[in-house]
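*Asks:* Here are the chains, one letter per residue:
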Amino acid sequence: MGGMTGVLAELARTFAALSLVSIGGINVLLPEIRRQVVDVHGWMTDSAFAHTFAIASAAPGPNVIMVSLIGWEVAGLPGLVVATIAIMAPSCLLAFFVARALGRWSGSKVVSVLRDALVPVGLGLMLASGLAMMRSVDRDVVTVAISLGTAAFVVFSRRNPLWALGAGTLVNIITLHI
Amino acid sequence: MKQVSKAELFLGFLKIGLLGFGGVGPWVRHVIVEERRWLTDQEFAEILGAGQVLPGPNTTNAAVFIGDRFQGVLGVLACLLGMMAMPLVIVTSLAAVYDRVASVPEVNAGLTGAAAAAAGLVLGTALKMIRNIRPGPVAWLVIALGFAAVAVFGWPLVPVVVVLVPVAIVLAMLRRPA
Numbered sequence: 241m242g243g244m245t246g247v248l249a250e251l252a253r254t255f256a257a258l259s260l261v262s263i264g265g266i267n268v269l270l271p272e273i274r275r276q277v278v279d280v281h282g283w284m285t286d287s288a289f290a291h292t293f294a295i296a297s298a299a300p301g302p303n304v305i306m307v308s309l310i311g312w313e314v315a316g317l318p319g320l321v322v323a324t325i326a327i328m329a330p331s332c333l334l335a336f337f338v339a340r341a342l343g344r345w346s347g348s349k350v351v352s353v354l355r356d357a358l359v360p361v362g363l364g365l366m367l368a369s370g371l372a373m374m375r376s377v378d379r380d381v382v383t384v385a386i387s388l389g390t391a392a393f394v395v396f397s398r399r400n401p402l403w404a405l406g407a408g409t410l411v412n413i414i415t416l417h418i
Numbered sequence: 192m193k194q195v196s197k198a199e200l201f202l203g204f205l206k207i208g209l210l211g212f213g214g215v216g217p218w219v220r221h222v223i224v225e226e227r228r229w230l231t232d233q234e235f236a237e238i239l240g241a242g243q244v245l246p247g248p249n250t251t252n253a254a255v256f257i258g259d260r261f262q263g264v265l266g267v268l269a270c271l272l273g274m275m276a277m278p279l280v281i282v283t284s285l286a287a288v289y290d291r292v293a294s295v296p297e298v299n300a301g302l303t304g305a306a307a308a309a310a311g312l313v314l315g316t317a318l319k320m321i322r323n324i325r326p327g328p329v330a331w332l333v334i335a336l337g338f339a340a341v342a343v344f345g346w347p348l349v350p351v352v353v354v355l356v357p358v359a360i361v362l363a364m365l366r367r368p369a
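Respectively, the protein sequence lines represent chains A and B.
If you count by our numbering, then the first sequence holds residues 241 to 418, one letter each, in order.
If you count by our numbering, then the second sequence holds residues 192 to 369, one letter each, in order.
Bound conformation, chain A alone (with noise of 0.2 Å):
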């Protein structure tokens, strides 16, 4: 029991202090992590990680997920439980007080500059991940014309994208036997 012990005492050490500094999310920590987890504590093999960010990539959901899944799948339920927390907790708590401040100083010019200043930075950077998701994922002239219909159906059409999704899953293994 100590060991295990020790083991959920590391991954909350671990990810608590990833989680501060994990501006832009997850993925831009990726190499970060797999570093920590195979290289520095050895919970898991390199093949084992790639596996893991494959799985959690195919799952719906916020991407924090997969660092639950590390949690999972080095020390069980507790270990899940344990990393979750240990990632969202400093920047939740984080984003709180801010979002208490910004609240509290509303009718501030400080924050009505703030807010003009960030509504396009999250735009630009919104509009750039977008694309480094299709550079990352689309490999031929089918998977290229999946993402921009996507796209297309989103800007133009109110309907729920599931619509769009399910389209985009189908046309794939449909020409897959083309």
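Treat the hints with caution; some may be incorrect.
[Said to hold, decoys possible] Computed Cβ-Cβ distance ranges for the label pairs, DEER-style: (1) 193(B) x 340(A): 11 to 21 Å; (2) 295(B) x 340(A): 45 to 55 Å; (3) 415(A) x 196(B): 44 to 54 Å; (4) 196(B) x 280(A): 42 to 52 Å; (5) 285(A) x 292(B): 18 to 28 Å; (6) 384(A) x 276(B): 28 to 38 Å; (7) 282(A) x 297(B): 29 to 39 Å; (8) 341(A) x 228(B): 24 to 34 Å; (9) 284(B) x 379(A): 21 to 31 Å; (10) 193(B) x 351(A): 16 to 26 Å; (11) 293(B) x 282(A): 23 to 33 Å; (12) 339(B) x 244(A): 42 to 52 Å; (13) 297(B) x 271(A): 29 to 39 Å.
[Unchecked claim] Part of the chain A face toward chain B, derived, beta carbon under 10 Å: (14) 261; (15) 308; (16) 342; (17) 356; (18) 363; (19) 372; (20) 377; (21) 390; (22) 395; (23) 413; (24) 417.
[Unchecked claim] Here are a few chain A residues that sit away from chain B, every Cβ distance over 12 Å (derived from the structure): (25) 244; (26) 280; (27) 347.
Hints were generated in silico from the structure; no laboratory data involved.
Note that CB positions come from ideal geometry on N, CA and C, so glycine has one too.
Keeping the supplied structure of chain A fixed, place chain B upon it in accordance with the hints.
*Replies:* Showing chain B alone in chain A's frame:
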């Protein structure tokens, strides 16, 4: 301001987590702006912008901001639990069967198709928000700078954010003289 109960927050984010293939960001907007109209595109972009420059995934940060805005601390917990619940169940179930199904070509093609569509979903959501918010010339400049730095030049996100945010703040201040 719209009234949104804790149960509504939980259920809304439960849906967001469940739908969130390839990342949750576009689904947060779809459910909260398009479907339930808890926030306008402008309000959502402000939250997303703040969420993106803070550490942590922008979507968990957005959940914190949105939960606190409508229901305080308990609202934050409702949003976070809602968003994480289904993905955690799905990702651990997936880990149990992944070895057996990942080698099936149809499964692989389907996952790639869904990932390609998810990339288009991010791109399309960013374009739609830009269309609805109608940025001014200064905001367009910031959007273009952020996009070019990350997507065209491939610079890492953290230094881009560290430089771009002060630039955006100075530009926003110039636009609103004291």
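*Asks:* If you check each hint against the structure, which ones fail?
*Replies:* Of the numbered hints given earlier, the structure breaks none, since each of them holds.
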